[in-house]
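Peer 1: Sequence:
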Amino acid sequence: MRTGTWAAAAVVAAAGIAGFTAVGAGAGPGPAPALRFADLPKSQADSTVDVEIVLAVDISYSMDPEEQALQREGYVAALGSPEFLGALKQGMHGKIVVTYVEWAGAADQRVLVPWRVIDGPASAEAFAASIAEAPYRRAYRTSISGALQFSADLFKDSGQRGIRRVIDVSGDGANNQGALVDATRDEVIAKGITINGLPLVLKRPNAATMDIEALDVYYEDCVIGGPSAFMIPIRDRTQFKEATRTKLVLEIAGRTPELRVIPAAASQPRISCTIGERMWQQRWGRDFN
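Under UniProt numbering, the first residue of the sequence shown is numbered 1, with each subsequent residue one higher.
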């Protein structure tokens, strides 16, 4: 039986946020793969930062220009917020290392802002400015699995040793190209990496654009996973900044109150993890890759 860990509302309240649902989960149906301890920091004493974070942001054509702008503005605003800077100070080291990645199809991932240590207002402002100043682009297809594989490989070049490692993936659609997303998720979390999600649940399901219903459920069952994993769905455009700030605060804090474990009603996902691939096949009449 699958079990999921739900981050209590007190965490969100502590971050000064209301109106969002933070959901933590394991690796989906079945037992989570065992962590390979060789992939984890030897101890907190060996660490140099509190957390290593890859911000992996969807730039596929399903993201309209306004959504792209709001998504980027959300990160820029979050990095300079009192809540973010306050959470930063509470860590053992008082600093993190972050990189910002844009992704679309299976072979389309780019590092927009390379790894940088953030240890206070000045470095946070400089990182945010680099995001804001970069040109916008859009690209074809949606490969969450490609984004996860690319992001996981980046940790070896972070230049730091974090107590935790997190991939923070945001997007508005299901995987429709590349490796299967749930299998990729399992491979990534087996390396001791947590995957958190920010699904954009803004559009009515539309076969023409391959938007799906219950994208938040898809992210919970097929995308996020690892220790203390959670997601925060965005259901309204006005929530971008607040949701992004909440997510970063939770990731930096790296702690939750006592978790409430809720058994799933079934041993299978509530939504098919290949729904995006099947929609692509049905629309174009050919293999999704």
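Take the hints with a grain of salt, since some may be wrong.
Lysine-lysine pairs mimicking DSS-like chemistry, simulated, CA-CA at most 30 angstroms apart [to be verified]:
#1 K156 with K95
#2 K89 with K191
#3 K89 with K241
#4 K95 with K191
#5 K191 with K156
#6 K241 with K95
These are computed hints drawn from the structure, not numbers from a lab.
Peer 1: Each hint should be assessed against the structure and marked as holding or not.
Peer 2: Hint check:
1. K156 with K95: Holds, at about 18 angstroms.
2. K89 with K191: At roughly 27 angstroms apart (the allowed maximum being 30 angstroms), K191 and K89 satisfy the hint.
3. K89 with K241: Holds: K89 and K241 sit about 21 angstroms apart, inside 30 angstroms.
4. K95 with K191: Distance of about 23 angstroms is within 30 angstroms: holds.
5. K191 with K156: Holds. K191 to K156 sits at ~12 angstroms (cutoff 30 angstroms).
6. K241 with K95: 22 angstroms, holds
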